[in-house]
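Protein sequence lines correspond, in order, to chains P and E.
Those letters in the first sequence? Residues 115 to 421, per the numbering used here, in order.
Those letters in the second sequence? Residues 10 to 113, per the numbering used here, in order.
Keep in mind that the hints are not guaranteed to be accurate.
Unchecked claim - Which residues of chain E face chain P? A few of them, derived with a C-beta cut under 8 Å, are: (1) W38; (2) C39; (3) P41; (4) C42; (5) M44; (6) I48; (7) S78; (8) N84; (9) V98; (10) V100; (11) I103; (12) D104.
None of these hints come from the bench; they were simulated from the model.
Note that CB positions come from ideal geometry on N, CA and C, so glycine has one too.
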Amino acid sequence: MDKTFDLIIIGAGPSGLAASVYASRYKLEHLIFGMEDGGQMNEIHQIENWPGNISISGRELVGNFISHVENYGVKINHESVVNLKKIADERFEVETSRGKYVARSVILAMGAEYRRMNIPGEKEFIGKGVSYCATCDAMFFKDKTVAVIGGGNSAAVVALELADFADKVYLIYHGNKLTAEPVWMEKMADSAKITKVDDTGVLEIKGEEKVEKIILDKPHEDKTFLKVDGVFIEIGSEPGVELARKLGIETDDGNYIKVNADQSTSLPGIFAAGDITTGSNKFRQVLTAASEGAIASSSAYKFVKLK
Amino acid sequence: MALEFTDQNFDQEVLKSDLPVLVDFWAPWCGPCQMMGPIIDELAKDMGGKVKVGKLNVDENSGVSQRYSIMSIPNMKVFKGGQMVKDFVGVQNIDTLKEELGKL
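Just need the whole structure built from these sequences, with the hints factored in.
Spelled out as C-alpha cells, the structure:
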C-alpha cells in the first residue's frame, strides 16, 4: 500500500504557500504541487498593501514565501496534476504527470488565469505586441505607444508601470469610471503620458508582422482606430476549476468554487483557498489568498487529526 | 545546469549546433522568467545528450533579441539546423516542453 499523506496542496501561489506554512506548523505530513512557484505574485510590479512591507516587488515576496515554506523542509513539486478522485472515505488520489499520491485531505489552490478578450488578432499577436504581463514586457516598449485594456486596479498599475518606459499609454475601458484604488488614480492623474479612453471597447488587433493598431467600437478623436505598438490586456481572471469539476464540487455561476467560512467545499475533506474560491468577498489580493490558505490548513488539520 | 548563450556565442552554439537547441529568452526583472529558471535547469538535466538547453539574458544580449524581435518573455525558441522550428511564449510546464522536444 502506498503511503497516505495527511494533506496534498495543489497550487503554489500565495494561498497554497501560506497553507503549506500552516500545515508544517500543524505537523501535517503534506505535499505541495505547483507549476509556477508564487503564481500570479510573480507578475506584480510593486505590492504596496502587504502589511509589513511598505513596498515590495512581487518577485521578492515570492522569494520570501518560498524560503518560509522550505524552512520547514518542504519542497514544491513541479508536477502537473492531471486527475483528482475520491478512492474511499477520507482517501483522495492525486494523479500527476509522474505518479499517483494518496492523501486524507486536499486543498485546491490553483488560482486563476488571465481572462482573454477573444477578439481577432489577440491570439495571433501574443509575443508580437500582445501581452498579459507588463512586469515582463514593459521594457520592450521603451519610447513606444501602447494600449492597456481594462478599468480595474491591475489595469491602472500596469498603465503606470508602462508610463515609466513608453512614450504614450492609452487606458481603454468600458463605462465612465475606473475602479482602481484612489492612490493609483492620483498617480495616474499626475502622469502626462497616460490618456484615458473611457466608455470604449476594442474590437480587433491588427498588424502585419506585429501589432500596429487596434480597432475601437466608437471613435476617439474622430478615428475608430489607434496606432499602437503594444496591447496589454488586464481584464481580470478566470478560475482554474477543471479538477474541481472532476469531483463534482459545487461552483457558482462564475465557476468559482463555493466555500464555507472554514474554506470547506461541498465535498468533505476537500478544501479550497485563494482566487479559485467564492471566499473573501472575491477580493483578489495576496493578503486574502494567504489568509484563505491559512484557514484551509487549519480546517484540514481539524478534519484529519481532531475527529 | 542550462548553458548560457550570448550575442558572441549564439551563432556557434545555437545556429551551428548538431543537436537541436532550446533557448530560453529571459531577463532578471521578469518574475515569470525566474519561475522558469529551475524548470529550464531540470530540462537541461533530463534532456542532456538529445537537446542542448540554454538561457539568453535579453538585457545583456540585445543583438540576438532584436534579431528575433523578442517582445514578450519568457520566450522559449527551439532551433534545429540553424532554423527556428518551435516557439513558446509565456510560462510553460516541463512536461509540455519535454513532449514537444521529444517529437524533434
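Looking back at the hints listed earlier, which ones does the structure fail to meet? The structure conflicts with no hint, since it agrees with every one listed earlier.
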